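Chains as they are written, first to last, in my numbering: chain A, 19 to 526; chain B, 4 to 93.
In case anyone wonders, no lab produced these hints; they're calculated from the structure.
Values in this document were obtained by computation on a predicted structure and should not be read as measured data.
Glycine included, C-beta positions come from ideal geometry on N, C-alpha and C.
Just so you know, nobody snuck in bad clues.
Facing chain A, a subset of chain B residues (Cβ under 10 Å, in silico):
id : residue
1  : G28
2  : I42
3  : I52
4  : F58
5  : H75
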Amino acid sequence: MNQIDLNMVDWARAQFALTSMYHWIFVPLTLGLSFLCAFYESLYVRTGKEEWKKITKFWMTLFGINFAIGVATGIILEFEFGTNWSNYSWMVGDIFGAPLAVEGIVAFFIEATFFAVMFFGWNRVSKGAHLFSTWMVAIGSNLSALWILVANSWMQHPVGMAFNPDTARFEMRNFWEVLFSPVAVSKFTHATSSSFIVASLFVIMISFWYLLKGRHAAMAKKSILVAAVFGLLSCLYAGLTGDESAYVNASTQPMKLAAYEGLYAGRTNADLVAVGVLNPGPVAGDDPFLFEIKIPGLLSLLANRDSSSFVPGIKDLVYGNPGQNIVGVNTKMERGKMAIADLAGFKTAKKQGDAAGEAAALQKFNANKDYLGYGYLAKAEDSIPPVHTTFYAFHIMVILGCFFTFFFLVVLYMGCKDSLQRNPWILKLGVITFFLGMLASQAGWIVAEVGRQPWVIQNFLPTNVATSNISAGNVQATFFMFLVLFTLLLLAEVRIMLKQIKIGPEEV
Amino acid sequence: MGSFARKKKRLLQWQGRVARFYLEGFRAMTVGKTLWKVILIKIFILFAILKLFFFHDYLRENFSCDQQRSDHVLEQITGQAAMQVGEHNK
Numbered sequence: 019m020n021q022i023d024l025n026m027v028d029w030a031r032a033q034f035a036l037t038s039m040y041h042w043i044f045v046p047l048t049l050g051l052s053f054l055c056a057f058y059e060s061l062y063v064r065t066g067k068e069e070w071k072k073i074t075k076f077w078m079t080l081f082g083i084n085f086a087i088g089v090a091t092g093i094i095l096e097f098e099f100g101t102n103w104s105n106y107s108w109m110v111g112d113i114f115g116a117p118l119a120v121e122g123i124v125a126f127f128i129e130a131t132f133f134a135v136m137f138f139g140w141n142r143v144s145k146g147a148h149l150f151s152t153w154m155v156a157i158g159s160n161l162s163a164l165w166i167l168v169a170n171s172w173m174q175h176p177v178g179m180a181f182n183p184d185t186a187r188f189e190m191r192n193f194w195e196v197l198f199s200p201v202a203v204s205k206f207t208h209a210t211s212s213s214f215i216v217a218s219l220f221v222i223m224i225s226f227w228y229l230l231k232g233r234h235a236a237m238a239k240k241s242i243l244v245a246a247v248f249g250l251l252s253c254l255y256a257g258l259t260g261d262e263s264a265y266v267n268a269s270t271q272p273m274k275l276a277a278y279e280g281l282y283a284g285r286t287n288a289d290l291v292a293v294g295v296l297n298p299g300p301v302a303g304d305d306p307f308l309f310e311i312k313i314p315g316l317l318s319l320l321a322n323r324d325s326s327s328f329v330p331g332i333k334d335l336v337y338g339n340p341g342q343n344i345v346g347v348n349t350k351m352e353r354g355k356m357a358i359a360d361l362a363g364f365k366t367a368k369k370q371g372d373a374a375g376e377a378a379a380l381q382k383f384n385a386n387k388d389y390l391g392y393g394y395l396a397k398a399e400d401s402i403p404p405v406h407t408t409f410y411a412f413h414i415m416v417i418l419g420c421f422f423t424f425f426f427l428v429v430l431y432m433g434c435k436d437s438l439q440r441n442p443w444i445l446k447l448g449v450i451t452f453f454l455g456m457l458a459s460q461a462g463w464i465v466a467e468v469g470r471q472p473w474v475i476q477n478f479l480p481t482n483v484a485t486s487n488i489s490a491g492n493v494q495a496t497f498f499m500f501l502v503l504f505t506l507l508l509l510a511e512v513r514i515m516l517k518q519i520k521i522g523p524e525e526v
Numbered sequence: 004m005g006s007f008a009r010k011k012k013r014l015l016q017w018q019g020r021v022a023r024f025y026l027e028g029f030r031a032m033t034v035g036k037t038l039w040k041v042i043l044i045k046i047f048i049l050f051a052i053l054k055l056f057f058f059h060d061y062l063r064e065n066f067s068c069d070q071q072r073s074d075h076v077l078e079q080i081t082g083q084a085a086m087q088v089g090e091h092n093k
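Let the hints inform the model, and build the full structure from the sequences given.
Structure follows, in structure tokens:
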């Protein structure tokens, strides 16, 4: 038996984080710009004004550049599953097969048909048929994201499945339960609405740049108004879906909720930390903050829809809290170790043809299988995710989300008053704000993925048991290859886009 | 002309129109030509270099059937290796 190489685990993690984060640079723009193009074209079809057509074609070109550079960057994640994460890949193959196959088919048909009509079909198909294609690209791109997000959500909240001890695979029992799990619904709506915000900020950034340079002012102003409305509505919706995510976390991943709130000791009437600085050292007492501004009772209200309810903290979840019926991790670890031992017993009995032993081991395994993952933990504290990273990523995301709402309101107001050009400070701020949008979007994923550690499948499989028996050197080499490849792609995107932006809408 | 022949002719005409639509679309591309170059280079790097030489499917390459693969994964999650992860973390 080979020993699992923890250095390899860290490199595989780093590589997955690198590729996911690069991939997520392109995805939000694709999801959001596709809808913005559909809005601009709808205005063209409705009004018949050529300037809307010009605007549509310009943003469609930038959408096309982003799509072309970003396409297939997600495939690398699938390569990594097979090479670096083979245990995990084997175990979830049955669950992920269906959503990823649907995603592949949807993406292929959309790209082969509606993309072609959208880019090649101007003046060659009717206005209505072209508009339909543009809408189909927007809807299809977002539906394509749905399946990936469903797969991710299943890892955070594994439902609609059963573990088959014969094959060591999780098998799907109820597709609809997987598709409509509360985590999947909130993740899809939150990820897409936040992507709409990023894309709206992108349109505003470029339009503001035009206004600063005194070029294409009419086109820029029209683009801004649509993007500001879309961005503002998306901000409000992202706020609602974010709230729903936290509410779902409270029941499905309470440790993640406690980590991103920096809540060590659970309490009733729990306060929400609006802004805070965590003590960088180990937490001695119950207050981990050097400084914080709290909103009384709000965390209890958001987590349980009841401001007087109890919200468990990290210590309650790790060490247990009998008063609140919370079982500690040590107890779960004992049951997890029993599940692993019974799974091993089942395997041995089966190999020896001992049917009675097989049935007995299976019965015992089933009694503890929900705690399987805890059996791999060495100590109860291993169940705590990196609190500082999760806390700061969450608060950066939320604070920036609030700022974007305010920003879109101001832009919309000034846009309606036609006073944007008289206030260069807002134009300069708008150019920077897009990068803050990207930061918030990435921070959201850090909350989702770092906050769920140590699990790759919640409660069933810790990240460090999910890997393959390969050397760290192999993963290190490909890590740097990806770093170079993605950086080159990003530079290519920026270069081609800048060239197209300099040309402007007149020449498109 | 029979109805089958007419249908066949119509289908061929339709196929021709679709082919022309794509061909003329590709020919008329401006920035699209650069993008296609980027896509093709990227796909070549991904599949002909990275996938072929660096990203082997560990289970497919090391085991010949699903039974062996599941035995291996079961061994991984129940055997000593899983416990060693725990020891290492202590």
